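The whole structure should be built from the sequences, with the hints applied where relevant.
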Amino acid sequence: MTATSTDTREVMRATDLHTHFPVKGRGLIPRTVGAVKAVDGIDLRVGAGETLGLVGESGSGKTTAARSILMLVRPTSGTITIDGQEVTSLSPKAMVPVRRKAQMIFQDPYNALNPRHTVGTIISAPFKVQGVVPKGGIKQAVLELMERVGLNPEHYNRYPNEFSGGQRQRIGIARAIALKPKLIVCDEPVSALDVSIQAQILNLLRDLQREFGIAYLFVAHDLAVVRQISHRVAVMYLGHIVETAPREVIYSTPLHPYTHSLLSAVPIPDPQRQGRRKRIVLQGDLPSPIDPPSGCVFRTRCFQAQEKCAIEVPPLVEVAPGHEVACHFPISVSELPQRIEVEKPAVDDTGDAPAEIHFIEPGPPH
Amino acid sequence: MTATGGTADRPFLTVNNLAVAFPTEDGLVRAVDGVSLSVEKGKTLAIVGESGSGKSVTAQAIMGLVNRKAAKVTGEIWLDGQELVGLPQNEVQELMGSEIAMIFQDPMSSLHPFYRIGDQIAEAIRAHRKVSAAAARKETMEMLRHVGIPAVERRIDAYPHQLSGGMRQRVMIAMALINSPQLLIADEPTTALDVTVQAQILELISKLQGDFGTTVIMITHDLGIVADVADDVAVMYGGRIVEVASTKALYAQPEMPYTLGLLSSIPRMDRKLPERLDPIRGNPPSPINLPKGCVFQPRCNYWERVPDGACKTVRPDLLESDPDHFVRCLLKPEERQQISRDVQQVLAGSPQ
Numbered sequence: 083m084t085a086t087s088t089d090t091r092e093v094m095r096a097t098d099l100h101t102h103f104p105v106k107g108r109g110l111i112p113r114t115v116g117a118v119k120a121v122d123g124i125d126l127r128v129g130a131g132e133t134l135g136l137v138g139e140s141g142s143g144k145t146t147a148a149r150s151i152l153m154l155v156r157p158t159s160g161t162i163t164i165d166g167q168e169v170t171s172l173s174p175k176a177m178v179p180v181r182r183k184a185q186m187i188f189q190d191p192y193n194a195l196n197p198r199h200t201v202g203t204i205i206s207a208p209f210k211v212q213g214v215v216p217k218g219g220i221k222q223a224v225l226e227l228m229e230r231v232g233l234n235p236e237h238y239n240r241y242p243n244e245f246s247g248g249q250r251q252r253i254g255i256a257r258a259i260a261l262k263p264k265l266i267v268c269d270e271p272v273s274a275l276d277v278s279i280q281a282q283i284l285n286l287l288r289d290l291q292r293e294f295g296i297a298y299l300f301v302a303h304d305l306a307v308v309r310q311i312s313h314r315v316a317v318m319y320l321g322h323i324v325e326t327a328p329r330e331v332i333y334s335t336p337l338h339p340y341t342h343s344l345l346s347a348v349p350i351p352d353p354q355r356q357g358r359r360k361r362i363v364l365q366g367d368l369p370s371p372i373d374p375p376s377g378c379v380f381r382t383r384c385f386q387a388q389e390k391c392a393i394e395v396p397p398l399v400e401v402a403p404g405h406e407v408a409c410h411f412p413i414s415v416s417e418l419p420q421r422i423e424v425e426k427p428a429v430d431d432t433g434d435a436p437a438e439i440h441f442i443e444p445g446p447p448h
Numbered sequence: 090m091t092a093t094g095g096t097a098d099r100p101f102l103t104v105n106n107l108a109v110a111f112p113t114e115d116g117l118v119r120a121v122d123g124v125s126l127s128v129e130k131g132k133t134l135a136i137v138g139e140s141g142s143g144k145s146v147t148a149q150a151i152m153g154l155v156n157r158k159a160a161k162v163t164g165e166i167w168l169d170g171q172e173l174v175g176l177p178q179n180e181v182q183e184l185m186g187s188e189i190a191m192i193f194q195d196p197m198s199s200l201h202p203f204y205r206i207g208d209q210i211a212e213a214i215r216a217h218r219k220v221s222a223a224a225a226r227k228e229t230m231e232m233l234r235h236v237g238i239p240a241v242e243r244r245i246d247a248y249p250h251q252l253s254g255g256m257r258q259r260v261m262i263a264m265a266l267i268n269s270p271q272l273l274i275a276d277e278p279t280t281a282l283d284v285t286v287q288a289q290i291l292e293l294i295s296k297l298q299g300d301f302g303t304t305v306i307m308i309t310h311d312l313g314i315v316a317d318v319a320d321d322v323a324v325m326y327g328g329r330i331v332e333v334a335s336t337k338a339l340y341a342q343p344e345m346p347y348t349l350g351l352l353s354s355i356p357r358m359d360r361k362l363p364e365r366l367d368p369i370r371g372n373p374p375s376p377i378n379l380p381k382g383c384v385f386q387p388r389c390n391y392w393e394r395v396p397d398g399a400c401k402t403v404r405p406d407l408l409e410s411d412p413d414h415f416v417r418c419l420l421k422p423e424e425r426q427q428i429s430r431d432v433q434q435v436l437a438g439s440p441q
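Protein chains in written order, with the numbering used here: chain L, 83 to 448; chain V, 90 to 441.
Hints listed in this document are in silico derivations from the structure and should not be mistaken for laboratory results.
With a straight-line Cα cutoff of 30 Å, these simulated BS3-like cross-link-like pairs (lysine-lysine) come out:
#1 L/360 with V/296
#2 L/217 with L/183
#3 V/361 with L/360
The structure displayed is predicted, hence computed values, not measured ones.
Following this line, the structure appears as structure tokens:
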């Protein structure tokens with residue numbers, strides 16, 4: 083699994099990346115009155131042939147980050163290099179050759195394929211756009227790609243609506259790997275699929291990585307899926323990266339209270355073990371990214387929060403090789419009580435009232 | 090317990106041989122084909138399955154939401170001694186919202202976007218009970234507080250779009266429970282929510298179930314949620330129940346190869362990382378053109394172990410394998426159990 087992860091060459095690096103969306107006021111000439119800080123200063127690095135899992139809940143900015151990296155959304159500031167080339171300064175036209183190296187797979191296989199194009203047309207598009215003629219001709223290459231991703235090459239002339247969700251995702255994958263890119267950004271590639279099909283697609287992505295040495299930036303909310311495919315994991319919350327570490331570390335010895343909360347919230351398909359797990363029940367939802375909390379963005383829902391958290395933004399600090407945490411009061415698994423309930427008095431989701439926290443010490447497993 | 094068919098002690102809800110078929114241009118879609126199940130009062134039954142398995146249609150049929158002009162519904166649904174399938178539409182309507190309530194995956198589909206949430210809940214009260222507007226509002230406020238809506242005095246006059254997804258789901262739960270229904274059907278109630286919010290909503294449902302003694306049918310595709318909340322589980326595939334047992338028994342020893350396949354194809358955080366996942370091959374069957382024999386046979390790894398290729402021609406019945414553990418499979422019980430043990434052993438490994 084980790085055979086390719088030690089490769090130190092970088093295919094992508096994003097530095098101090100900000101992507102803000104302006105919020106317009108009312109009136110005849112709407113003025114910009116604020117900004118949705120979807121991505122608010124993150125650093126990401128993906129090595130050749132490795133998978134970086136980017137996890138977070140909806141509104142965390144993970145999808146915006148992914149789209150910014152491919153310049154599908156123009157970042158507000160920061161730099162992005164893809165295979166050594168700085169891309170934020172490039173015009174859309176100048177970006178075209180870069181797209182040979184970096185492709186994308188989308189969440190919804192129904193909307194990502196043109197319903198009026200046949201599978202053959204869809205998969206051959208990258209060759210035509212980039213003016214690449216593979217050996218043996220485009221059609222031959224497309225048929226081989228279809229075979230490789232597990233589609234029947236006889237279906238070359240069929241339309242997307244004749245395929246199931248899993249097969250459509252295979253079409254999207256064939257299109258993405260057509261030009262042998264160095265990086266594929268996968269935005270929730272399996273979350274729209276049935277569980278029995280998810281595993282097929284995850285296995286396929288991984289086989290392709292081994293075969294072609296493709297690096298993935300794998301954006302997902304499902305922590306079990308991310309664990310299966312990633313070499314390293316970065317956890318996002320409200321536009322910031324709060325913790326990043328090699329896979330084994332993030333799942334066994336996380337330190338950020340938010341990572342703990344996320345991990346404890348995933349239900350485990352084992353009724354006996356489920357009852358014995360440590361539980362952290364957060365209250366409320368993500369605060370608004372238009373007006374994020376001062377200091378640490380997680381402090382309004384955090385069970386570790388203290389005064390300092392409202393004043394000082396915690397920097398992302400390396401605590402062990404490759405393990406970085408942005409928290410003033412990190413906590414290890416063994417220090418966690420059996421159950422934590424974070425209760426807030428009746429305030430708005432963005433409210434600044436201090437959280438009321440109940441620590442319930444370990445009792446007999448129920 | 091989930092014995093099929095009625096038993097002497099009369100479970101609270103019994104479904105006998107339920108079938109729902111939709112005539113379409115392409116042929117008859119047998120969405121549900123012979124489903125029997127029962128739930129005891131105050132318990133939670135989970136119905137698990139993938140898209141197209143018939144789990145949602147089963148729930149809609151129990152709820153009386155299947156359009157009888159568009160579909161043919163046969164079989165029996167007994168709720169607390171009353172048969173529902175043969176009941177005229179207006180009497181079913183009477184039960185909806187008072188005796189049986191349902192919550193959906195997408196709260197926006199059951200909340201009216203133009204009305205304030207408080208008014209919508211109050212309307213649900215006054216549709217079924219003779220209560221003054223003021224009393225209904227007071228009751229609404231209490232219920233909203235009960236489901237954990239902050240700043241109720243202000244939120245009661247909010248429109249659905251002003252609330253977050255988790256809050257809307259709470260409002261829908263409040264609306265569903267306002268007339269203290271005896272049966273709550275939750276169709277993928279947390280699928281659209283984030284995990285941390287999902288955890289809150291699941292805790293809320295089980296807390297309210299404790300408070301009101303509600304019987305719950307939880308429809309889900311997530312085997313983790315089932316393990317968390319359900320007393321009993323029914324696994325559906327191709328419009329049928331293929332396995333049903335207590336949650337504990339089902340997870341300890343899944344017997345139907347489909348259940349086994351599901352449990353081994355999901356990535357799990359509680360087990361050592363497998364080199365590869367072990368997916369079920371192929372795709373689910375089309376409900377128009379179901380296989381002649383066992384509906385799972387084309388994807389099954391074990392059908393060749395049954396003599397004479399019987400799986401291709403014989404539709405197996407749902408038979409008792411262990412006490413209160415029913416399986417629809419032609420493999421011999423001992424053989425199935427051995428397969429289950431072997432697969433589980435490979436998967437298990439040591440927890441991290």
